[in-house]
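Peer 1: Next come the chains, spelled out residue by residue.
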Amino acid sequence: MEHISSSNKNLGLKPCLYCENLVSVSAQFCCSACEALYKLEDNDNKSIQSDRFSKLLEKHQALAQVPFTELTFYAEGLHCSSCVHLLEKLPQFNDEVLEARVHFGESTVHVILKSNSSSAAWPEVAAIIEELGYQPTALLASHDLREKQKQENRRSLQRLGVAGACAGNMMLFVVPVYGGLEGSLATLFNWMSFVLFLPILFYSAQPFYQGAWNFLKYRVINVDLPIAIAMLSGFTLSTYNLIRGEGAVYFDSTASFLFLILASRYLLKRVQQKYLHQDALLEGIEGRRDLVPGSEIQILQGEKIPADGVLLSPQAEVDMSLFNGESLPELFREGMTLFAGSRLLSPSARLKVEKTALETRWGKILQQLRADSVEKSHFITLSDKLAQGLIAGVTLLAVLFFIIYSQVDFNQALERSLALIVIACPCALAFGSPLAYGLSLRKAQKRGILVRHSDIFEKLKSITNVYFDKTGTLTEGNLKLSFVAGELTDEDKKKILALESQSTHPVAFALRKAWQNFSDLPILNGTQEHLGQGVFGQCNGRAYSLTRSLELNSLDHLVVEFCVDGFIKAHLFFEDPLREESKEVLEKLNHFNLHVLSGDKKQRVAKVASLCKIPEGQCFAEMAPEQKLNVIKASSHSCMIGDGANDALALKAADIGIAVKGSVDLSLMSADVYFTRGGLMPFYELLQIAASARKTVRRNLTISLVYNFIGGTLAMSGFISPMVAAILMPISSVLIIISSLRGTR
Amino acid sequence: MSILALMIPMALILGFGFTAAFLWASAKGQFDDVETPAHRILLDDPQERKEREKPRTP
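Protein chains in written order, with our numbering: chain U, -8 to 736; chain S, 11 to 68.
Just so you know, these hints were derived from the structure itself, not from any lab.
Just to be clear, a hint being listed does not mean it is correct.
Stated by the list, open to error - List of simulated lysine-lysine pairs, DSSO-like, C-alpha gap at most 27 Å:
{"no.": "1", "chain 1": "U", "residue 1": "Lys139", "chain 2": "S", "residue 2": "Lys38"}
{"no.": "2", "chain 1": "U", "residue 1": "Lys80", "chain 2": "S", "residue 2": "Lys38"}
{"no.": "3", "chain 1": "U", "residue 1": "Lys452", "chain 2": "U", "residue 2": "Lys471"}
{"no.": "4", "chain 1": "U", "residue 1": "Lys105", "chain 2": "S", "residue 2": "Lys38"}
{"no.": "5", "chain 1": "S", "residue 1": "Lys38", "chain 2": "U", "residue 2": "Lys208"}
What the hints assert, rightly or not - Now the stretches of chain U that chain S is said to cover, found in silico as 3 or more residues with beta-carbon under 8 Å:
{"no.": "6", "segment": "145 to 155"}
{"no.": "7", "segment": "323 to 329"}
Claimed, not checked - Facing chain S, a subset of chain U residues (Cβ under 10 Å, in silico):
{"no.": "8", "residue": "Cys71"}
{"no.": "9", "residue": "Val93"}
{"no.": "10", "residue": "Thr178"}
{"no.": "11", "residue": "Leu179"}
{"no.": "12", "residue": "Phe180"}
{"no.": "13", "residue": "Phe185"}
{"no.": "14", "residue": "Leu189"}
{"no.": "15", "residue": "Arg261"}
Glycine included, every Cβ here is placed at the ideal spot set by N, Cα and C.
Input sequences plus hints: build the corresponding full structure.
Peer 2: Below is the structure:
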C-alpha cells in the first residue's frame, strides 16, 4: 500500500482489482489470493469445484484418522493480507468448519471443526487449502510443543507486565523520598516499595533463578547468575537498611533494571520464534507411513513419490531436484528405482514399494539431519564470555573489599560491598546484547533474511571459507530461452505454445515464460508427448513437432528443434543463466575463500566458476549430497550457501548454513539462515547487518563497562546513595537503548 | 496530608486493577499474535466493498 502515489500511474502500474496494491498493467491481480477473493464476491456459489479436487482429496486422505477437532496447518505460500482473508473464509467453503484463524508470522492457519463433526472432514479442509493456492502441512507431532511454547510466551509476557506495573508504582512512592521527604511518611513509602518489590522477587524473577541454578548445576555459561545475585543483594541490602532505619534503599532501581531485562529478552524471543520449531514439519516431509513394502501404487502427475520403489511402467520422467538440485528432469525406465521425495512429471506411473518412511534414501538424510543437530557445538558468544569474567571479577572485588574494610567498619563494609554488586551488575550484558540482536534480527527479517538464532551474527565473523551451490544459487535455477536460431512468426510461436500447453517439462515452463502475451492458442490434434524426445501434434493437415536436437546439444545449452512437416524450422537454445547480481556480489566477497560445490556436470560448473572468477581448484562438481557433506566436514570455519533440499546435509554440517530456495520448512530444519529472496544480494546484506549488530553490541558493552567502573568506584568509596543509583541506572539504560536503536537503523 | 490516606489506596487499586486486566487478557491469548490483526483489518468486508463500489460501476 505504501507504494501508492499518483506518479506511479505513469509507470505502467495500476491497482489490483481487489486489494488495490499496484501491479503491472498486464496483470489484473497482485496475487492468486486476491483473484480468488474477487471471484468469490461475484459468485454466490461458495463451493469449490475443479477437476483437481478429487485427486487432492485422495492425497490428504490420511488426515481422516486425526482424532482432533482442532488442527493447525502450515500453509506454504501465505504472504499478504488477502491471504489472511481468504484462508479465514474457510467456514464458507466447508460447512464442517467452525472457525479458521491465521497466524501470519508463522504462516499457519488454525482450523476448528464444529463440535458434532467427525475428523472425516479433514481431508476436505486440506484439499480446500491446497485448492486456494497454499501447500498445507498438518502439524501433528508438534501439537503439544506448540501449545507449550504458547503457554511459555504468555507466562513471560505476564511476568513482564507484573514487573512493569510494580516498578512503575514504586517510582511513584520513591520520588517524594528523593525530593527530601523524611520521617514516618518516608518510612511508610519505603515499606510500600518493599511490598511492591515482592511480586517481582517471587514471580517475575523466576526465570533468573532457573538460569542461575542451571549455571551452578550444569556449568552452562549465562548472565542469569549475576542478574540473580545483583537483584537478591539489592533486595537484601535494602531490606536490611529498611529494618535498621538507616542507610540506602535500592528497591526502585533494582526493579526497573529487572523490568528492562525482561522486556528486551521478550523482544528477542518473539523475533526468534517467528518461524516454526524445526521438528514441527517433519511429519509432512517424511512421506506416507501407511504404505507397505511390496504393494503397488499409482502415482499421478505432479505428485511427490511417497516411497522408494521400482518402476513398473515402461518409463517415467522424474524431477530429481531434491537430490541433485538440477532443473532438468531425468528419465527412468522400467525396473529402475525411484526415490521418495522426487516428483513425477509424466502423466502417471505405477510403482512397487520397496522402502518406506525413514528407510528411504530421503528418510535417511532426514534422520542424519536430526542426529547432527545434537552434535552441533555450543557457540560461546562475546557477552557470555564477558559475563563470566565480570561475575568472577566483581564478586572477588566485593569479597576482598568486605574482608579488608570490615576491620574498619563492619556495617559500612557490608553496605558498600553489596552496593558494589548491585551497581556493577553487568546491565548491558543483561539487556544491551539481546536488545541489539533482537532489533538486528527484525531488520534482517524485513529484508527477507530469516535468521534462526542471533549467535549467527557473531559466528559470521569467524567465517573464512564460503561454499556456493551452483544451480539456483549462483544461477537462476530455471531454464530460460536464451536465443532462437531461425525465423519464427507469431503463428509459429503460438503453435509451439499449443504443443507444449499440457507439458510440465522445464522447457515448456521456459517457453511459457518467454512468450507470455499470446492468447487464443490454436487447437492441435493428437498432441503426444514422447518422454525424453519431445512433443508432436497436427493442425490443419500439417505435422508439428518440438524435439530435442541430437547434433547441436552442447553442455551449456539445451537445444530443441521446431519442425514443420519434418523440416527443421528453427532451433531454440535454453540455458540456466547466471543470476544478474552474482558476479557483482562475489567481487565484494573476495576477502573470503570462495568455492563452488555442485551436483552438476564438470564443464557447466567450470563455466560458471570462470564467469564468477572462482579458481578452478576450488570447484567441486558432480557431488552427491553425501559427498558435499564430506567436503564441508573437511573444511573449517565454513559457510555453505545452497538449496534447502538437496544441500540439506552440507548446510547442517557447515558452521553456518544458508538456504536460498527450497521450501521454508525443510530449509530451516537444516540451515541457520533462510533467504526468502533469491540470489546472493541477501548474503551481502546479511554480512552488513551482522557487522553493524556486532558493532552495536560492542558499543553497548563499552558503555556498560565504563558505567560499571564509575559506579563501582563510587560504591566502594561510599558515595553511592540510592538517589545517585536511581539516576545512574536509567541514564546508562537510556544510553544503551539509544545506541541499539541507532546501530540497527 | 490526610488526603494521602485516600490517594495511596486508590492509586494502588487502580494499578492492581489494570495489572489484573492485563494478566487476564494475556491468559486468554490476546497477545499471542500481534501481527495478523493488522492484516485482518486492512480489507473491507465483501458487503461493504460492494456498496462502496456500486456508484463506480456503470
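Peer 1: The structure should be examined with respect to each hint, and the outcome stated for every one.
Peer 2: The hints, checked one at a time:
Taking the CA atoms of lysine 139 (chain U) and lysine 38 (chain S), the gap is near 15 Å; set against the 27 Å cutoff, the hint holds. Straight-line distance between C-alpha atoms of lysine 80 (chain U) and lysine 38 (chain S) comes to about 23 Å, which keeps the hinted pair within the 27 Å bound. In summary, the hint linking lysine 452 (chain U) to lysine 471 (chain U) is not supported, as the alpha carbons are separated by about 37 Å, beyond the 27 Å threshold. With a C-alpha separation of about 21 Å, the suggested pairing of lysine 105 (chain U) with lysine 38 (chain S) holds against the 27 Å cut-off.
Distance check on the hinted pair: lysine 38 (chain S) and lysine 208 (chain U) sit about 35 Å apart at the alpha-carbon level, beyond 27 Å; violated. With 5 residues bearing a CB less than 8 Å from a CB of chain S, the segment 145 to 155 of chain U meets the requirement of three and the coverage assertion stands. Under a criterion of three residues with beta carbons nearer than 8 Å to beta carbons of chain S, the stated coverage of the segment 323 to 329 of chain U fails, only 0 such residues being counted. For cysteine 71 (chain U), the suggested interface contact is upheld, since its CB lies about 8 Å from the closest CB of chain S, less than 10 Å.
Checking valine 93 (chain U) against chain S: minimum C-beta separation of about 6 Å stays under 10 Å; hint holds. For threonine 178 (chain U), the interface hint is violated, the least distance from its beta-carbon to any beta-carbon of chain S being 14 Å, above 10 Å. Hint status for leucine 179 (chain U) relative to chain S: holds, with the closest Cβ pair at about 9 Å, below 10 Å. Below 10 Å, beta-carbon pairs count as interface contacts, and phenylalanine 180 (chain U) has one with chain S at about 9 Å; its hint therefore holds.
The beta carbon of phenylalanine 185 (chain U) comes no nearer than 14 Å to any beta carbon in chain S, farther than 10 Å, and the hint placing it at the interface is violated. The criterion of a C-beta within 10 Å of any C-beta in chain S is not met by leucine 189 (chain U), whose closest approach is roughly 13 Å, and the hint is violated. Checking arginine 261 (chain U) against chain S by beta carbon gives a least distance of about 9 Å; that is within 10 Å, so the hint holds.
The structure shown violates the earlier hints numbered 3, 5, 7, 10, 13, 14.
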